[in-house]
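J.: Here are the chains, one letter per residue:
2 protein chains.
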Amino acid sequence: METIAYNLPQSHIPLAWYNIVPDLPSPPAPPLHPGTLQPLTPGDLAPLFPMALIAQEASQEREIEIPGEVRQIYAQWRPSPLMRARRLEKALDTPARIYYKYEGASPAGSHKLNTAVAQAWYNKQEGVTHLSTETGAGQWGSALSMACAFLGLQCKVFMVRVSYDQKPYRRALMEAFGASVTASPSPLTDAGRGILAEHPDSKGSLGIAISEAVEVAAKDPNTKYALGSVLNHVLLHQTVIGLEAIEQMAMAGDDPDVVIGCTGGGSNFAGLALPYLGRKLKGKSHARVVAVEPNACPSLTKGRFTYDFGDTVHLTPLVKMHTLGSTFVPPGFHAGGLRYHGMAPLVSHVINLGLAEAVTAQQLDAFAAGVQFARAEGIIPAPESNHAVSEAIRQALEAKAEGKSRTILFNLSGHGHFDMQSYIDYHAGKLQNYDYPEEEIAMALAGLPVVG
Amino acid sequence: METIAYNLPQSHIPLAWYNIVPDLPSPPAPPLHPGTLQPLTPGDLAPLFPMALIAQEASQEREIEIPGEVRQIYAQWRPSPLMRARRLEKALDTPARIYYKYEGASPAGSHKLNTAVAQAWYNKQEGVTHLSTETGAGQWGSALSMACAFLGLQCKVFMVRVSYDQKPYRRALMEAFGASVTASPSPLTDAGRGILAEHPDSKGSLGIAISEAVEVAAKDPNTKYALGSVLNHVLLHQTVIGLEAIEQMAMAGDDPDVVIGCTGGGSNFAGLALPYLGRKLKGKSHARVVAVEPNACPSLTKGRFTYDFGDTVHLTPLVKMHTLGSTFVPPGFHAGGLRYHGMAPLVSHVINLGLAEAVTAQQLDAFAAGVQFARAEGIIPAPESNHAVSEAIRQALEAKAEGKSRTILFNLSGHGHFDMQSYIDYHAGKLQNYDYPEEEIAMALAGLPVVG
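Chains as they are written, first to last, in this note's numbering: chain A, 1 to 452; chain B, 1 to 452.
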């Protein structure tokens, strides 16, 4: 029997997350207070996050121990599977070897649970009883709802209106875990009321929903805010993905030539890529590291690397990242988790340093790749993950054209069980590709804050 | 760290399925030809099934080797996880130890893929190019569609009308795998046309859909029929569940006092239970073996153990089983996979021999148990699986009341990602319990064929 599954026992869950910051040739630019334009102090963030996470956000430690109780919860699905896609290789008739790390095996169906559990746990340690958050496609909201159910916290989710209406089953999942879910923009917050006054039919955006969730946390001492991507501590928690993958690839006796992840806020990409980049900086890996973003929301490939707000209403700190402008609302393509105007500052920084590269994928190519993957491997990927699949297939076909082998590793960040409408629309010919939204982005970039 | 996951490497996938028949104190009654009332010959089944599966159906061999290519495909999700539900134990404050075998980890989301892959493979070996089948809740149709995609066969699914209308995403999943899906009753078959002529608004039933799928296979030499439960060879393929569980429970240093599965056609129950019953017959297990069926469709607890047809239109052989009468159409409760008038003859036989017992669960108790399980363990069970969860929780609370430990093992046969409407309805208070449908069953039983 050919080996296709490289599974590790529970005892091999990493003992520590990997923080790449001390290994980088230069540090990422600090986040700034939006009023003073001075580097943020821990106290500035205290209304929103517990101190332990604020400390992680700015940590210079290479390894940060994973609390025992968090590892205990991880044990339900971690180490996650690393699989070789041999049937896909055969279908492509490629000499390339294709591996995927499957984060959809988590009970929440995506990588998001890795940080949701950690964030809920640290909040609980500091006496927090309620968490507020936003969700676009619903993967993050599901994960945080589940983590809160595990740890006995109340969870309040602002769900982007268009997803709220299109994905009742995502909402039902969160509600089954005891979360309260509100369509955003909502009349519950100043931010939401402001948007609704101007645009009563607003379909919402991740940037708006972040504003609402942040406002709720800022105003209530028992409530903290939890973010599912972008921030350093979120990316940190995801590094279990890459740390496990490195061990599993060694089991396979193989070493990736290319490491691929899709990027919206950047966390699943970073989770797989940062541990590999850390090895690369030590000369222990030669892998090209590739971020794949949608053509319709191309922050890394077309955005400006500068300070901008993380949200639409400008309640968040200013962070230096690749941004399309915080007022940019991307077109309504189906990978909701990739519809974000900005990028994780740490991902932007490693791209800017030339340690990793970014490419775009078109929606139709991404879905075609997802369907091909599903028929070969059985797993229906999330529309976000299809972007990574698409690049993996492109690389495998490139290797075939060159007549050379290539070891490809990509992150299959989640399954698409709650995204079947997008597959129905794809098969019905209702989906489209998107040109680079040049004018809208130019307008949004023109409104960027002038900093530094 | 407490161990909760008892995972085995790919190399521990069983080499052979376990056939309990030679170990039983008496053989099950043979299936009969519906015309002659004589025991079926292999030739009678040849229009519907490949010879290898017909041979398995009547096999007296204790072990039947799993073909290498089938084990290779199994390796994507097998050995499936065996988990200890420690958070559920804590939530129940019970001295019982609760383990579950998680078949929802298969890419099809349920145990059904175990037999789907095997059936598709044997058909392909004998040159079959098309498979026809029926599906109720959609789990079997999804699994067979996926198996056909893996092996390059065409798949034709008759989906019970009520599910077809209520579950567009299940249908989309099958179609993503390249299957063609038709609402049943359909105008494509004599059976369907006959039902539609009498009941133009028929919502269909598993029995009707079976009639349609069988008819298509019987009339087309390139098409064979595949059944997702009930038959001996289907139960045989599911025994990988129990064989793995026995090894995993040994890893856990524990031995079940009770083994639980939900029963519709009987295959997930049998998959876990038959290997344990085989050990029990050898004095190597003391486990009580419990089948859980819905109160609204109680074939094992209220049906008659006699010969009946497997389908509504009476195209199938007569099999001796616990039946509510093949014309009985169960009420529209949400566990579609348990809405079947009959039972696997082999399961009926072991119940009749007193080797296993059967209980019923009410719909609301099943959903309450499923939600409690989800909040503790993160996995949303399929409505069918909720019946097993419900009995596991009942047993754990009984152990608590007795102040004694108890080792409980149940089969979590699938996840509920495509069943979220049922959870929405449950939370909205729209679901109900059902009384035992006494009159309808009496009427259906009165129409039983008189045999022997």
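Derived from the structure by calculation, the hints contain no laboratory data.
Take the hints with a grain of salt, since some may be wrong.
Note that identical chains are pooled: a pair holds if it fits in a single copy or bridges any two copies.
[Stated by the list, open to error] Derived lysine to aspartate or glutamate pairs resembling DMTMM-like cross-links, with alpha carbons at most 25 Å apart:
(1) 320 to 61
(2) 404 to 257
(3) 124 to 255
(4) 404 to 190
(5) 302 to 61
(6) 219 to 190
(7) 430 to 165
(8) 320 to 439
(9) 124 to 93
Just so it is clear, the structure is predicted and the values come from calculations on it, not from any experiment.
J.: All hints, please: hold or fail.
T.: Checked hints:
1. 320 to 61: within (21 Å within a copy, 69 Å between copies)
2. 404 to 257: So residue 404 and residue 257 pass the 25 Å test inside one copy only (12 Å; across, 56 Å).
3. 124 to 255: Classified as neither; 39 Å inside a copy, 36 Å across copies.
4. 404 to 190: neither (58 Å within a copy, 55 Å between copies)
5. 302 to 61: For residue 302 and residue 61, neither the intra-copy (32 Å) nor the inter-copy (65 Å) Cα distance is at most 25 Å.
6. 219 to 190: within (11 Å within a copy, 67 Å between copies)
7. 430 to 165: Both. Shortest intra-copy (18 Å) and inter-copy (21 Å) distances satisfy the 25 Å Cα cut-off.
8. 320 to 439: within (22 Å within a copy, 72 Å between copies)
9. 124 to 93: between (51 Å within a copy, 21 Å between copies)
Of the numbered hints stated above, those contradicted by the structure are hints 3, 4, 5, listed in ascending order.
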